[in-house]
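Asks: Spelled out from the first residue to the last, the chains are:
Number of protein chains: 2
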Amino acid sequence: MKYLQQSFSVKFEYKVYFTSGLFDLSNPLFNDFFKSDDSSKKIFFVVDEGVGRVVSDQINAYFNLYKALNLVPEILFVPGGEQVKNDTKYFDQILEAVNTHKIDRHSYIAAIGGGSVLDLVGYAAAVSHRGIRHIRIPTTVLSQNDSGIGVKNGINYFGKKNFLGTFAPPFAVFNDELFLNTLGERDWRSGISEAVKVALIKDPVFFEWIETNAGLLAARDRETMNYLIIRCAELHMQHIAGKDPFESGSSRPLDFGHWSAHKLEQLTDFKVLHGEAVAMGMALDTVYSNLSGYLSDHDCSRILSLLQQLGFELTHPLMETGSDNSKILLGLEEFREHLGGELTIMLLEKIGSGIEVHKMDAEILKKAELVLIGKQ
Amino acid sequence: MKYLQQSFSVKFEYKVYFTSGLFDLSNPLFNDFFKSDDSSKKIFFVVDEGVGRVVSDQINAYFNLYKALNLVPEILFVPGGEQVKNDTKYFDQILEAVNTHKIDRHSYIAAIGGGSVLDLVGYAAAVSHRGIRHIRIPTTVLSQNDSGIGVKNGINYFGKKNFLGTFAPPFAVFNDELFLNTLGERDWRSGISEAVKVALIKDPVFFEWIETNAGLLAARDRETMNYLIIRCAELHMQHIAGKDPFESGSSRPLDFGHWSAHKLEQLTDFKVLHGEAVAMGMALDTVYSNLSGYLSDHDCSRILSLLQQLGFELTHPLMETGSDNSKILLGLEEFREHLGGELTIMLLEKIGSGIEVHKMDAEILKKAELVLIGKQ
Chain X
4 MKYLQQSFSV
14 KFEYKVYFTS
24 GLFDLSNPLF
34 NDFFKSDDSS
44 KKIFFVVDEG
54 VGRVVSDQIN
64 AYFNLYKALN
74 LVPEILFVPG
84 GEQVKNDTKY
94 FDQILEAVNT
104 HKIDRHSYIA
114 AIGGGSVLDL
124 VGYAAAVSHR
134 GIRHIRIPTT
144 VLSQNDSGIG
154 VKNGINYFGK
164 KNFLGTFAPP
174 FAVFNDELFL
184 NTLGERDWRS
194 GISEAVKVAL
204 IKDPVFFEWI
214 ETNAGLLAAR
224 DRETMNYLII
234 RCAELHMQHI
244 AGKDPFESGS
254 SRPLDFGHWS
264 AHKLEQLTDF
274 KVLHGEAVAM
284 GMALDTVYSN
294 LSGYLSDHDC
304 SRILSLLQQL
314 GFELTHPLME
324 TGSDNSKILL
334 GLEEFREHLG
344 GELTIMLLEK
354 IGSGIEVHKM
364 DAEILKKAEL
374 VLIGKQ
Chain E
4 MKYLQQSFSV
14 KFEYKVYFTS
24 GLFDLSNPLF
34 NDFFKSDDSS
44 KKIFFVVDEG
54 VGRVVSDQIN
64 AYFNLYKALN
74 LVPEILFVPG
84 GEQVKNDTKY
94 FDQILEAVNT
104 HKIDRHSYIA
114 AIGGGSVLDL
124 VGYAAAVSHR
134 GIRHIRIPTT
144 VLSQNDSGIG
154 VKNGINYFGK
164 KNFLGTFAPP
174 FAVFNDELFL
184 NTLGERDWRS
194 GISEAVKVAL
204 IKDPVFFEWI
214 ETNAGLLAAR
224 DRETMNYLII
234 RCAELHMQHI
244 AGKDPFESGS
254 SRPLDFGHWS
264 AHKLEQLTDF
274 KVLHGEAVAM
284 GMALDTVYSN
294 LSGYLSDHDC
304 SRILSLLQQL
314 GFELTHPLME
324 TGSDNSKILL
334 GLEEFREHLG
344 GELTIMLLEK
354 IGSGIEVHKM
364 DAEILKKAEL
374 VLIGKQ
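One line per chain: the protein sequences are X and E, in this order.
Numbered by my numbering, the letters in the first sequence go through residues 4 to 379 in order.
Numbered by my numbering, the letters in the second sequence go through residues 4 to 379 in order.
To be clear, the hints were calculated from the coordinates, so they are not data collected in a lab.
Given that identical chains are not distinguished, each listed pair holds provided it fits within a single copy or across any two copies.
Each computed BS3-like pair below joins lysine-lysine, with the alpha-carbon atoms no more than 30 Å apart: (1) Lys44 with Lys330; (2) Lys163 with Lys274; (3) Lys205 with Lys14; (4) Lys38 with Lys246; (5) Lys205 with Lys5; (6) Lys369 with Lys163; (7) Lys105 with Lys38; (8) Lys45 with Lys70; (9) Lys155 with Lys44; (10) Lys44 with Lys163; (11) Lys14 with Lys246; (12) Lys105 with Lys155; (13) Lys5 with Lys70.
Only chain X is shown next, with the shape it has when bound in the complex:
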C-alpha cells in the first residue's frame, strides 16, 4: 500500500485583555496593540445595536486621535440576540462590506456585542478570504467569560443552532467592564451560570467563592463581577488549550447542562436566554446525577440553592420530560448529532468533578423534573 503521510502542527495564540473604557481617548491599549503593525491595514467594526449607537462616535474620535490602523468609515450595526444568527442577511451584509471595503486577510474585522453578534461576525471573518483577522470585544457577562474568549463561531441554519460555523481562534479579545453597565437585569444574571458550570466541572474552590459572593453578584457589585469574569475566562481558556481545542472527540465537559438548554432556547424561540436555560439544564442534570447515585444529597442541594440565590428559575414548563411527545428529549439526539459520534453527557459526581455517561434514563429524568417543580 503506497501512501504519503502528512503531519504538521499549527500554533494558535491570542491574548484576552481586561480594561475599562476601551475607546476612552485616554486609554491607548487598543491602539498600542496594533502599533507595531503596518499602518496601511484596515479595521472594520460590526456593532450590536444593543450596545448603543453612541459607540460609533467614540470609535470615530478614538481613530481620529490614534493612527495605528485605518478605520473603515462605515460601521455596521446589527441586532443583538439570537435573531442575528437566524437570518443569513446579516452574514451577507458583512461579506458585502469585506468586498466593498477590500478588507484583506491581514486587516481586521472587529465585533462589539454579545455572544450572538460575536458568533456571527467570527464566522463571517473566518470564511472570508479563508480567514480575516478577527478582534472580539464582548459586551455581556456571558460573552466576556465564556463564548467570546473561546475558539468557536457559528450561525443557525435549518432552524438548528450553530449548524454552520468553524473553529477559528480570535486575533485578540478586549473585555471592557464598562459595557456591563448597559446590561439589563436578566443579561447580567444570565452570564453567571456559565461560571457556575465551569466551577462545577473543574474548580470546587471557585464554586465556594461564588457561593460566598452570590449576594454581591446579584446586587451587581462591579469588583466581584470582575473577579468572576476573569476566573471563569481563565478556566475556560485552560480547558480549550487542553486536550482537544477543536473538539475532534466526543467528550464535551463544558457542555454540562447544555443538551436541554439548547433545546429549551429553541423551543421558546430564544425568549429564555442562554444563561437562564443553562441554569435550568444544570439543575436538571444535577438532580439526575443525584437520583442516579453519582452525586450526594448535600452537594445537590448546595447547587440548587446557589442557582436560586443567584435568581435563576430551576425549570420551565417546556422542560417537560415525562410524556411520549416530550419536546425537550429531542434535544438529546440533536446534541449528539451536532457533536458527532457517541452520545456523551457530563454528569456530576461531586462539586468540581464530572463523570461522563452515554445514555440518559427517561424515568429518572421524569423524577428529576418533578423534584425541580417541587422546588420552584
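Once you have looked at the hints, place chain E on chain X.
Replies: Chain E in isolation, oriented as in the chain X frame:
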C-alpha cells in the same frame, strides 16, 4: 495591563493513498481505512458529473460487500469545473443533504472529482457542524498532485475566486490512477503545469526529470504520469507542512505564475483551464525574471521550451499588459487583496530557486509579453 494569554497547538495528520481501482470489489483499501471505526458512522458521496454516473453503481456494489461504514443511499452529482464554485446552489444542496441525512461530525463527506468539486465539497464539509470529516478522491492530474492533497477549500463569491473558504485538512485522500483514463487531452496536460511550477521553485532534479520525460507525458504514458503525480504531491505536502500551513504570512512560493493565471481564468470565464493559465502565467513571470536580470537566458529558454514541448500555449490575447486598460494587470491587486498584506510575487533566480519581489514593473511586463508573442 491585565491580560490572559492563550496558547495551544493543534496537530493535523492525514494520509494520501495511491491506488488503482478504488471501488473494485477486489480492493479492500477504502474499507480497511475505516474498519477500526465505529460502524454506525455514515458516508455521503458528492460526485463530479464528469466522472460518469456509472461510479454510483460501483460505490453501491462496494458498500454492499464492505460494511465498515453506512453508505447514505443518495449520491449527489454536481457539474465539474468552475461553474460548481460560482453558483451557491450546489453549496446549499450539500448542506441540505447533511441536514436530511443527519451527517454528524464523526461521519464522512466524500468528494469524487476535479479540483473545483473538491474545493466546493471541502468548504461545505468544513463549515457544517463546524467541520465534518472530509474524504477527497481527486480524479484529475491537477487535483491528484496539487489542490486535492492540500489544506484549502473554497467557492467563488462576488465574482471573485475563492472569496469564501477555509483552511481545513482532509481526513484522508485517495488518488486512483484509473480516473485519469477519463480525462480529455486538455485536462491531462493541464495538471502537468503545477508539477513544472513546484519543480521550478523547489527541485531542479525534478525539473530535469520532467524535461527528460516530456515526450512520454505528452503521449499519456501511465507509469511516467504516476511518478510525476507522486513526486509533485510530495513536494506540495512538504511545503504545506513547512513554515506556514495556514498561510498567515504574505509569502506564497507555490503561487508562482498565479497572479495573472487567476485573472486570465476569470477573464475567459474559465474557458482557459487553471493549468493552462498557470503555464502562461509562469511563462510571463519567467521572461520577466530574465528581463529583470534575475534569471539566466539559458534557464529562461529551457523553461519556455519545456512548456511548449508539453503542448502549452505561452500566452493569450487577454494577457495583454501594455495598455492603460489592461485587464490582466488588475490581477496584481486582486492577488494582493486575496492573500492580504504586502504584494509578494515569486520570481525565479534559477531553475529550482525563487526570489520574492514586492512590485512588478509595467514596462518590463510589456516587454515580457512581446517576447512571448514572438515565440508563439
